[in-house]
Amino acid sequence: MKKLQATGILFLVTLIGILSIAISAQGVTNRQLTSGVDITDIPMLDYRFIVEKRFQVFFTKHNETKQVYFNAKPLVSIEFSPSHDRIAFFYKSGDETSDDISLVIFNIKEEKTKEIYHTSHASWDIKSTLHWLGDNYIFFLRYCGTSCQGISLLSLKTGHISNAVLSYQSLPNLPEKTYFKDWFGQKFEIDGLVERVKSETKKNRHYLVFMLNDYKGDIIGKYKFLFNGKALIGV
Amino acid sequence: MPETFPKSISKKYIYAFSVSKFGLYYISITSQCGSTQDLRVEIDNFKPREIPPKDKPQYYDTPPAWNGTHLKSLKKTVIFILLLSKGKHALTFVPKNGATINRIDYKYIKDSDEIVFKMNTQAEEGNRRPWYTFVLVNIPLRSIGAEATTKWHFLDGDDMKLIIDGKVEKNSQSILHKNWSWSARPWHFLAKGKKEYKEFTPNLPSDLHYIELWADKTPILHQVNLNLGPYESKQVPTVEDPRWTGDFSDDTDQIILARALFGEARNTLVPDSARIAIGWVIRNRVESKRWGEEYFEVITQPLQFSAFNENDPNRIYVENPIYTKRKIDINAWEHAYDIAGKILTNQLSDPTNGANHYFDNSINTPDWAQNEKPKLTISYTNKFDTEGTIFFYKL
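Residue numbers (the numbering used here), protein chains in the order written: chain R, 1 to 235; chain U, 1001 to 1395.
Hints were generated in silico from the structure; no laboratory data involved. Predicted model, so just to flag it, every value in this text is computed and none were measured. Think of the CB as a built atom: it goes at the ideal place given N, C-alpha and C, for glycine as much as any other residue.
Derived coverage of chain R by chain U (criterion: at least 3 residues anywhere in the stretch with Cβ under 8 Å from a Cβ of chain U; other residues may be distant): (1) 93-103; (2) 117-123; (3) 134-144; (4) 147-160; (5) 190-198.
With a Cα cut of at most 20 Å, we get these calculated EDC-like pairs of lysine to aspartate or glutamate: (6) U:Lys1327 to R:Asp95; (7) U:Lys1178 to U:Glu1147; (8) R:Lys216 to U:Asp1247; (9) R:Lys222 to U:Glu1310.
Model the full assembly from the supplied sequences, consistent with the hints where possible.
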């Protein structure tokens, strides 16, 4: 019996490894959009067929594309946790007249969902797709004002949100720089403009990654921080 | 054909009309104003003013208006050439002390390569005054040609001059009449008159242009040819159909400013005072010319107004504010458009004392605001039922 259980776990781990991070921001093909599918009804083996495009989530398999929903409401962003045991997604949780978005964690093994964040003012509170930063944190951009962007870090353990700020040069024609004040009060001065923010996990280490652009919008590099739950360390 | 309209007006009069398809149109209006009267016309939300714009807007003493001091009851025709979207439109006549409307015409321009207006009209007897004005609204002009006949009348002759965007086209053939490109001489007295076609090539880019023909005595204008050059009429975003063309430079100032207000501040927690202040931050940037000279340039500067960032969820909303077709979005868009119009026409004054930056204190203070004193603060109740504040700075 123990041997059978071990084989099962091994199979599961291998399967997740093969799937890797199948959810990507690649474009949806021109295949026919037929109808919707609930995220909880998609078999685990088919997660690799889920794609994000411009704040909509689609499931494409056998030349058929379906928009992905949760509780009959459309998803706007989705990402696997670094350990691949959970999926986090934003979905439009309100009715037609609202600006509501909720963040839900779907535990794949237990097939349980839990809403961990909700806003009725998404146009200010959520200004990007979501990203995991380790298995216990999720971050996304939020509104700031002119020449700046906020980054919200949500702790899944406490539900607490901390806000960091990216600010750019106040006047044009100054060197391309970004000033970053992180969630722990540290300040960084970075050469280049940070427009896109993402995360990476390598060898069980979790990194916050800034993609750097010039004024023309061309990518000129990236800036990485190691995240340990208590601080960001430039690497 | 146009419906009826009152010949004499003493107060604001709106002439509604509709067109069956999008495209280039001309709207021709002939009116008269006595020496104590003035008249101006608005087309939808387009309110012609002096070009280039000065600090104090001028609406009645401009080429597209009828200024009684200049006209002294003589007729003047203003021909607007502009793109109109399919649907309803309005001409708003705004007189001062009354005015007379003689004629209103509008027509779809089928061939925009060479637009020919056949007038065959003789000016009424009168001294140097504006007679025809062509108003090109966001339209280029490669060349303009006009055919006119001038005659000598015993002691004085007919003259006609051309003014393009305030600059008189000089008559190189005459020293005495160097400002009058069409001009009769005494030796034309015995002839029937001198009929001349003259062409000018100003090569103007797409913009607002005023092309004026002034008359002295009674010249006859036979026709005017406008060559727009390689011009392709695009769908112009409107409040009813604000889909972008793929290029924000195709937007009117009001549309692009409304997009910015909608993208940045449709959040229902934020009061209108904040939307107005944000709109003025953008206008202050345009006027300072440091971020660009046009509204679309200022608004689309990289990372300045985040709703325009490619990876921002609000980007879809600024490209087409009503793409959801939800009433809440349609109402918010129309409201943003209304505020934008009032900021552009000074109906709403600057509450920010010249601010050109702002941030919301739901996050840490941006680096550029450190040690700076705000020019304005606007508080509102945030979603946690606590006080949120937007700070406005002049840097």
